Amino acid sequence: MHWLRFVVLLVVATLLQADLLNAIEVRGTRPDLLLILLAFFAIFCEPKEAIITSFSIGLAADLIGPSMGPGTLGFGLTGTGLCYLSKYISLQRMPFQAVTIFVLGFAAAVLAYLLSGLQTQPSYQKTFGALFGTPLYSAIVGPFLFLPVAWWMHIKIERRRRRFGY
Amino acid sequence: MARKRRDISNRMLLVWMTLAGCILLLTPQKITGKVQGTFTHVFRFPLHLGRSITLSTRMTDTAAYASQRTTEQYENHIANLAAELERRNQQIEALAKIRYRQHALAGASLVMADVITANMAGSRNELLINRGQNDGLELDQFVLGENCIIGTVSYVWSRQAKVRLITDSSSQLAVTSTKSGQKPVWMFGAGNGEAVIRWSKARLADGENIMVRQYPGLLDCPMIAGRVSECKKNDQNALLWDITVRPACDVAMLPSVTVIVTNPGGVVQTQKERLGAPGQ
Numbered sequence: 001m002h003w004l005r006f007v008v009l010l011v012v013a014t015l016l017q018a019d020l021l022n023a024i025e026v027r028g029t030r031p032d033l034l035l036i037l038l039a040f041f042a043i044f045c046e047p048k049e050a051i052i053t054s055f056s057i058g059l060a061a062d063l064i065g066p067s068m069g070p071g072t073l074g075f076g077l078t079g080t081g082l083c084y085l086s087k088y089i090s091l092q093r094m095p096f097q098a099v100t101i102f103v104l105g106f107a108a109a110v111l112a113y114l115l116s117g118l119q120t121q122p123s124y125q126k127t128f129g130a131l132f133g134t135p136l137y138s139a140i141v142g143p144f145l146f147l148p149v150a151w152w153m154h155i156k157i158e159r160r161r162r163r164f165g166y
Numbered sequence: 167m168a169r170k171r172r173d174i175s176n177r178m179l180l181v182w183m184t185l186a187g188c189i190l191l192l193t194p195q196k197i198t199g200k201v202q203g204t205f206t207h208v209f210r211f212p213l214h215l216g217r218s219i220t221l222s223t224r225m226t227d228t229a230a231y232a233s234q235r236t237t238e239q240y241e242n243h244i245a246n247l248a249a250e251l252e253r254r255n256q257q258i259e260a261l262a263k264i265r266y267r268q269h270a271l272a273g274a275s276l277v278m279a280d281v282i283t284a285n286m287a288g289s290r291n292e293l294l295i296n297r298g299q300n301d302g303l304e305l306d307q308f309v310l311g312e313n314c315i316i317g318t319v320s321y322v323w324s325r326q327a328k329v330r331l332i333t334d335s336s337s338q339l340a341v342t343s344t345k346s347g348q349k350p351v352w353m354f355g356a357g358n359g360e361a362v363i364r365w366s367k368a369r370l371a372d373g374e375n376i377m378v379r380q381y382p383g384l385l386d387c388p389m390i391a392g393r394v395s396e397c398k399k400n401d402q403n404a405l406l407w408d409i410t411v412r413p414a415c416d417v418a419m420l421p422s423v424t425v426i427v428t429n430p431g432g433v434v435q436t437q438k439e440r441l442g443a444p445g446q
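Going down the list, the protein sequences come from chains U and C. Here the first sequence is numbered in my numbering, starting from 1 and rising by one per residue. Here the second sequence is numbered in my numbering, starting from 167 and rising by one per residue.
Worth double-checking, as some hints may not be accurate.
Which residues of chain U face chain C? A few of them, derived with a C-beta cut under 7 Å, are [unchecked claim]:
| id | residue |
| --- | --- |
| 1 | 19 |
| 2 | 48 |
| 3 | 51 |
| 4 | 55 |
| 5 | 66 |
| 6 | 67 |
| 7 | 68 |
| 8 | 69 |
| 9 | 107 |
Sample of chain U residues at the chain C side, in silico, Cβ under 8 Å [to be verified]:
| id | residue |
| --- | --- |
| 10 | 15 |
| 11 | 18 |
| 12 | 47 |
| 13 | 63 |
| 14 | 70 |
| 15 | 72 |
| 16 | 73 |
| 17 | 80 |
| 18 | 111 |
| 19 | 115 |
| 20 | 117 |
| 21 | 118 |
| 22 | 119 |
It should be emphasised that the hints constitute simulated quantities derived from the structure, not laboratory data. As the structure is a prediction and not an experimental result, all values here were calculated from the model. By construction, the Cβ of each residue, glycine as well, lies at the ideal position given by its N, Cα and C atoms.
Hey, can you work out the whole structure from these sequences and the hints?
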């Protein structure tokens with residue numbers, strides 16, 4: 001794992017997520033680059049690396065979010081869970097990755113919303129866009145971003161192609 | 167040592183990370199807000215650049231956008247003015263009703279004021295209102311609430327004023343009863359929403375109206391201030407009566423009051439200077 005490359009990637013993704021992605025928002029919904037990174041590292045990294053990257057990405061999401069804590073725990077726990085789950089199911093094909101990103105985003109948003117209730121001033125909102133819109137948009141663009149991320153991180157990913165015939 | 171650090175298990179790592187996340191979650195948002203602010207400050211240039219790019223992509227037609235902004239500003243301004251006009255109309259309507267009911271106030275300038283705070287506990291019974299010297303308010307002017315005298319202006323700032331209620335312990339007003347032939351007597355505030363008339367020679371019945379007598383320059387005709395709630399013999403002199411008076415309206419629930427400005431811009435003497443001792 002190239003940690004320096006990971007830090008650079010994380011900072012760039014956080015800055016892009018902070019404001020620049022507003023330019024491509026559709027009806028108030030925009031893709032979540034940090035969610036896509038979370039899914040990527042949870043699928044393609046070892047458990048220890050996945051845990052560290054998941055919590056780090058969650059911390060980055062909190063830095064540009066409404067409050068700190070819910071995102072760290074939400075992203076960290078769901079990313080770790082996906083990492084362990086990916087041992088048992090194959091997530092090499094793009095449709096599966098898209099579904100995974102959607103489910104991961106939904107779970108992380110719900111968890112962050114519930115955890116923010118523990119804070120003195122609950123900040124996360126249970127909106128349709130946060131729960132469904134952002135994960136759906138991320139699921140559509142996410143699998144296409146896996147390749148450049150893998151190239152930058154020097155991680156080899158194998159994509160199985162559909163086999164025809166017998 | 168180095169090997170031990172490297173050999174930390176995944177489960178322990180997850181526990182430590184979760185614990186750190188929980189600490190972050192429960193840390194007061196004042197502190198975590200500073201961390202977020204620091205991040206924004208450190209990366210302000212790329213963030214500003216991103217903001218500029220986002221805005222530039224949205225502003226495809228600059229002239230149309232500027233026109234739209236101006237239109238929105240005017241629309242908002244018109245909405246604010248309409249709301250202000252409606253509020254003024256309501257005030258004018260309310261003041262006109264007061265004038266219609268109280269012919270003695272026809273020549274007076276009435277200033278309607280909203281109650282900011284009402285202090286009715288203990289011996290201090292005061293209201294803070296949102297009109298002041300700029301609106302023509304001066305000391306000792308009478309204040310109306312629900313068509314009855316509730317107090318006098320006791321302190322004036324430029325945009326706010328304090329109203330000393332008739333039940334305030336420092337309040338002292340010359341009053342008469344509706345019984346004819348009664349000489350004015352002093353009514354003192356007793357706190358806790360009550361006022362008293364001590365050593366009255368006449369016994370007054372419960373519910374009888376107590377009128378503030380006219381104060382030339384401040385109040386042109388007697389107006390009701392309260393009603394008798396209790397009348398009992400004085401402890402020291404059995405020939406005199408102590409009368410307890412309650413205000414004629416529920417002052418604590420008043421959303422707004424009206425100040426009677428009968429002599430706008432004139433020199434107002436204090437009540438004692440103007441009136442002298444009661445009964446004289």
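Structure-based check of each hint:
1. 19: At about 4 Å, which falls below the 7 Å cut-off, the nearest Cβ of chain C leaves the hint on residue 19(U) intact, so it holds.
2. 48: Hint on residue 48(U): holds, closest Cβ of chain C at ~5 Å, below 7 Å.
3. 51: 5 Å, holds
4. 55: Given a least distance of 4 Å, the restraint on residue 55(U) holds.
5. 66: 9 Å, violated
6. 67: 6 Å, holds
7. 68: Because about 4 Å separates residue 68(U) from the closest Cβ in chain C, which is inside the 7 Å limit, the hint holds.
8. 69: 3 Å, holds
9. 107: Cβ of residue 107(U) sits 16 Å from chain C, so the hint is violated.
10. 15: Because about 5 Å separates residue 15(U) from the closest Cβ in chain C, which is inside the 8 Å limit, the hint holds.
11. 18: 6 Å, holds
12. 47: 5 Å, holds
13. 63: 5 Å, holds
14. 70: 6 Å, holds
15. 72: 4 Å, holds
16. 73: Where the cut-off is 8 Å and the nearest Cβ of chain C is about 4 Å from residue 73(U), the hint holds.
17. 80: This hint holds: residue 80(U) lies near chain C, its Cβ roughly 6 Å from the closest one there, short of 8 Å.
18. 111: Violated, because the Cβ-Cβ distance from residue 111(U) to chain C comes to roughly 11 Å (cut-off 8 Å).
19. 115: 6 Å, holds
20. 117: 10 Å, violated
21. 118: The hint holds - residue 118(U) has a Cβ within 8 Å of chain C, the shortest such distance being about 6 Å.
22. 119: 7 Å, holds
Consistency note: the structure conflicts with the earlier hints numbered 5, 9, 18 and 20.
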